[in-house]
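Enquirer: Protein chains in written order, with our numbering: chain A, 1 to 509; chain B, 1 to 509.
The reader is advised that the hints may include incorrect statements.
Heads up, the list lumps identical chains together, so a pair's fine if it works in one copy or across two of them.
Cross-link-like lysine-lysine pairs, in silico, DSBU-like; alpha carbons within 30 Å at most [unchecked claim]: (1) Lys157 to Lys111; (2) Lys230 to Lys121; (3) Lys138 to Lys230; (4) Lys216 to Lys230; (5) Lys100 to Lys53; (6) Lys16 to Lys53; (7) Lys16 to Lys39; (8) Lys122 to Lys189; (9) Lys287 to Lys53; (10) Lys104 to Lys9; (11) Lys122 to Lys111; (12) Lys35 to Lys230; (13) Lys138 to Lys328; (14) Lys111 to Lys287; (15) Lys53 to Lys93; (16) Lys354 to Lys16; (17) Lys104 to Lys189; (18) Lys193 to Lys395; (19) Lys53 to Lys35; (20) Lys130 to Lys502; (21) Lys39 to Lys459; (22) Lys9 to Lys154; (23) Lys170 to Lys138; (24) Lys127 to Lys189.
In short, the hints are calculated from the structure, not lab data. Just so we're clear, the structure is a prediction, and the values are computed from it rather than from any experiment.
Read off the chains here:
Protein chains: 2
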Amino acid sequence: MSSLKENYKRLLEQSKELAVVQSAGAILQWDMETKMPPKGVELKSQQLAFLEKTAHQLLTNPEVGKVLDAIQKDSGYDSLDKVQKRNVYLARKAYDEATKLPEKLVVDIVKQQTVGVNVWKKAKAAKDWKLFMPELVKIKDLTEKKAELLMDIKGAKTPYDALIDDFEPKMTADNITRIFDGMRKGLTKVMDKVLEHQNVDAGFLSRPVPVAVQEKIGEQMADFILYDIKSENAGGRIDTTEHPFTTGYYTDVRITTNYHENQFMSSIYSILHEGGHGLYEQGLPMKWMYQPIGTSASYGIHESMSRFIENMVGRSSEFWTYYLPLLKKLTGDTFKDIDREQMLHAANYVAPSKIRIEADEVTYGMHIIIRFEIERDLFSGKVEVSELPEVWNQKYMDYLGVEILNDSEGVMQDTHWASGLFGYFPSYALGNIYDGVWLTKLDKDLPNWKGDVEKGVYKNIKAWMTENVYGYANLYDPEDLVKHVTGTGLVVEPFIEYLDDKFRGIYGY
Amino acid sequence: MSSLKENYKRLLEQSKELAVVQSAGAILQWDMETKMPPKGVELKSQQLAFLEKTAHQLLTNPEVGKVLDAIQKDSGYDSLDKVQKRNVYLARKAYDEATKLPEKLVVDIVKQQTVGVNVWKKAKAAKDWKLFMPELVKIKDLTEKKAELLMDIKGAKTPYDALIDDFEPKMTADNITRIFDGMRKGLTKVMDKVLEHQNVDAGFLSRPVPVAVQEKIGEQMADFILYDIKSENAGGRIDTTEHPFTTGYYTDVRITTNYHENQFMSSIYSILHEGGHGLYEQGLPMKWMYQPIGTSASYGIHESMSRFIENMVGRSSEFWTYYLPLLKKLTGDTFKDIDREQMLHAANYVAPSKIRIEADEVTYGMHIIIRFEIERDLFSGKVEVSELPEVWNQKYMDYLGVEILNDSEGVMQDTHWASGLFGYFPSYALGNIYDGVWLTKLDKDLPNWKGDVEKGVYKNIKAWMTENVYGYANLYDPEDLVKHVTGTGLVVEPFIEYLDDKFRGIYGY
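Given these sequences and hints, build the entire structure.
Expert: Printed below as a string of structure tokens:
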């Protein structure tokens, strides 16, 4: 065996060990959130800390650096194929980033995250921005320091771009600004029209549906999207947690939901959303399991997969044509008086609001735009931490027309910043935009996909996703993936058009 | 800090890391048996293999040897207290044993275990002893080789004693022979009397009880023995698996059971039995968590804790006085016509049989005695593997009066030998014998413990177990523990007397 082949083989072995350790950590984390007896939390944190330490050791193992050097300096390097080169690239990127940060900084950040989140909880409960502010300054400064150190490796022009790269590789704030500016205009247009025309009574959504029935509904949702939780070859399962999430790896991917007796739609859309994440992880090509390339392309692409099922499928007219009769069968007389139109309207009720996670499909993007603009201006020095509440409240008034009455329903509503998650928010809205672009191609390749949904048939759509998204795993950076598959750059128009068409269809404006 | 203190501290750090890794492995194993989607089995085996490798590396880390050497050669060694010395002793024993075996032998054994169990499955299905025999010869020879290498470190006089030491430290075949000879006589006496007098119709035990009701019964069992699965500080939980088991560590100890609709007693006694194991693990002193001393004393002592609750409590007249009314409440009319006497008789129905795991409280010991005698004679060269079926069948006729019709219901009924588990069986019966000795002291210390059971009160018994067994963890080898706590050596009479009294009470012979 040539030494190049040997070194590449060694690199894949190292990658496999890391993937196995990380997948074990995911299961233990899942266990903590779902099944662990409460008393076990300290022991669990020891187990997780050990696996994290082990993963970090594997990630920063100097042997990995040596193997990478040997491969990249090998005269035969160019003989590697595209997949092999991508594996080398991703392993190199992960290694360089992990070894770049001084241990002290890593430890300081972890400590400040813990402190920051704790203080945030108290400050939020007390509606006391002044209590939280100094902690936010600290975590922002530490995160900026980290970002500065990573700029070089990431080829980022600004610290904020380096932060974005953690979630959307190679995406930049300039690019997002361009896209989001267009999106804001589009969303405003749709929002205004919808608010003018919609006349929805969604009160029936709070009619009680027992948890046991909602569990059956959940199983139907899983069946519908072909997220297998039952067969002898099932690779998924559904559990209950306060906040729904998806975790796992390839053959063992688990989602969670939450059942609110007076809000049955919540679990339907949680399962469709998380199921979308789950199908992506399960749909990665088995041949790339344990390799650097064998992961999703980005947070934004992931979000595009979950939102596609949640919104484009699950909030469509065709979905409710298919599903309402089944729902009525399961819920007895509860929704006897409700017709498809009413259900569709209720599922698509639009209302500007203060809280992101409760936002509808149209206004959701506005919340993200606001956060992105604030993060961007914060890291460019245009805005100081101390000015955040003022800036926040103004933007909510300007973009959504809502008045923020206190900082707990405003700037302190999320834990993200408290724990140093800067650069993450854009992914949430990029998901929508990617969806618009996927949709253009899906409509072309599978013109009758909505007809399929109406019949409860998901297999063709799943096959399309496998061919066009899941199957590429991490072969491309997200924007390149979209371009490679659709031939289109990252444009916002298709998403806005989709929204406009959809809501025009619903409200006939 | 003196170097002794420092080294001792280092030893505890090493031990903690090992305990954390092993506890993580236990959770992943539990996940595999209970929650994992079936497709995840290959990934899970990778995760488990990684943790096992890591645990083995930690166990055999030369740094551990250095620290142990430094401690044991330190002039201040005698200043260590009893607990510290025990920790050093246990760590040394584990290290020496783990480093003594050549890697090739370890690998050969693992491989042969896999092959052996696979062939055993086929052979058992085909009732074909000749198919299985060569594999049994191989695993027996490999196990003997291992035992020979460990004799020295374990201070064992024979290879078989070295094997026993893995499960019952410092126990010997001679000692077990002496005890089991007495037990066999005692069991025969009780068995003969019971068989002469009992006149039980246990047919009502197969009346169907829906699984959902059995789950409620299970929760009641957990409540009764104070195995907490519900409170905000719960450290336990109950799940369903084909074969019930207990796993976990201190603050997170989980048991499983199985619900058979036409055999509701099965899950009651599984939960009481596994709950007994669980309470032991949960009852280890928190101050010793993560230390070598912070484990149970042995398999036999563990079995004494599970059997105590299963049989001495759960099959007692007092238990059924307390529990039958509750059971009737949960099961509607199912057992309306059954009185306490009938339930007690049915729960204590004695019948010599061929299959160990289905055996009653009296004849169970006979199954173990047979296996022990065979193992002992196999390793002393008195019996060859090829002679096992003949020897087995003869003993079943001699000791239990049952005729074995084929080797699948005889010598091939268990997987233990196929996977090289020799020396393990004695623990199953030693548990009963330890129980007899505990009982003598419990009767003295807590004369009204049966009155408590009758009232459904378990807390005093649990406190007694904590003080007399759980709380000692691994401070003593099992026989020393019994002697230290009860003042009595390992004698079989109390157990036989207990059995005799109990069955005389039930059947009035």
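Enquirer: Now tell me if each hint is right for this structure.
Expert: Going down the list of hints, with the structure as the test:
1. Proximity of Lys157 to Lys111 under the C-alpha cut-off of 30 Å is restricted to the intra-copy arrangement: shortest distance 28 Å within a copy versus 55 Å between copies.
2. Within a single copy, Lys230 and Lys121 get their C-alpha atoms only as close as 39 Å, which misses the 30 Å cut-off; across copies the closest is 27 Å, which meets it.
3. Taking the shortest Cα distances, Lys138 and Lys230 never come within 30 Å of each other, neither inside one copy (48 Å) nor across copies (40 Å).
4. In this assembly of identical chains, Lys216 and Lys230 lie within 30 Å of each other by CA distance both inside one copy and across copies; the values are 13 Å within and 25 Å between.
5. In the homo-oligomer, the alpha carbons of Lys100 and Lys53 lie at most 30 Å apart both inside one protomer (16 Å) and across protomers (29 Å), since each shortest distance falls under that limit.
6. When the C-alpha separation of Lys16 and Lys53 is checked against a cutoff of 30 Å, the pair qualifies both within a copy, at 17 Å, and between copies, at 15 Å.
7. For a Cα distance limit of 30 Å, the shortest separation of Lys16 from Lys39 across copies, 18 Å, qualifies, whereas the shortest one inside one copy, 33 Å, does not.
8. Proximity of Lys122 to Lys189 under the C-alpha cut-off of 30 Å is found in neither arrangement, the shortest distances being 38 Å within a copy and 70 Å between copies.
9. In this assembly of identical chains, the alpha carbons of Lys287 and Lys53 lie at most 30 Å apart whether taken from the same copy (28 Å) or from different copies (25 Å).
10. Proximity of Lys104 and Lys9 under a CA criterion of 30 Å is satisfied inter-copy only: 24 Å between copies versus 33 Å inside one chain copy.
11. In the homo-oligomer, the alpha carbons of Lys122 and Lys111 lie at most 30 Å apart inside one protomer (17 Å), although the nearest pairing across protomers, at 56 Å, exceeds that limit.
12. Taking CA atoms no more than 30 Å apart as the test, Lys35 paired with Lys230 passes in both settings, with 19 Å inside one copy and 12 Å between copies.
13. Taking identical chains as interchangeable, the C-alpha atoms of Lys138 and Lys328 are never at most 30 Å apart, the minima being 53 Å within one chain and 63 Å between chains.
14. Taking identical chains as interchangeable, the C-alpha atoms of Lys111 and Lys287 lie at most 30 Å apart only when they sit on different chains, with a minimum of 27 Å there against 39 Å within one chain.
15. For the identical chains of this complex, Lys53 and Lys93 are neighbours both inside a copy (19 Å) and across copies (28 Å), given an alpha-carbon limit of 30 Å.
16. Taking the closest pair of Cα atoms, Lys354 and Lys16 never come within 30 Å of each other, the shortest separation being 44 Å inside a single copy and 47 Å across copies.
17. In this homomeric assembly, Lys104 and Lys189 never come within 30 Å of each other (Cα to Cα): the closest approach is 49 Å inside a single copy and 72 Å across copies.
18. Only within a single protomer do Lys193 and Lys395 lie at most 30 Å apart by alpha-carbon distance; the minimum there is 20 Å, versus 89 Å between protomers.
19. When the C-alpha separation of Lys53 and Lys35 is checked against a cutoff of 30 Å, the pair qualifies both within a copy, at 24 Å, and between copies, at 26 Å.
20. Taking the shortest Cα distances, Lys130 and Lys502 never come within 30 Å of each other, neither inside one copy (43 Å) nor across copies (72 Å).
21. In this homomeric assembly, Lys39 and Lys459 come within 30 Å of each other (Cα to Cα) only across copies, at 20 Å, whereas the closest approach inside a single copy is 43 Å.
22. In this assembly of identical chains, Lys9 and Lys154 lie within 30 Å of each other by CA distance solely inside one copy; the values are 26 Å within and 42 Å between copies.
23. Taking the shortest alpha-carbon separations for Lys170 and Lys138, only the intra-copy value of 27 Å comes in at or below 30 Å, while the best inter-copy value is 58 Å.
24. Taking the shortest alpha-carbon separations for Lys127 and Lys189, neither the intra-copy value of 34 Å nor the inter-copy value of 77 Å comes in at or below 30 Å.
Checked against the numbered hints given earlier, this structure breaks hints 3, 8, 13, 16, 17, 20 and 24; the rest are met.
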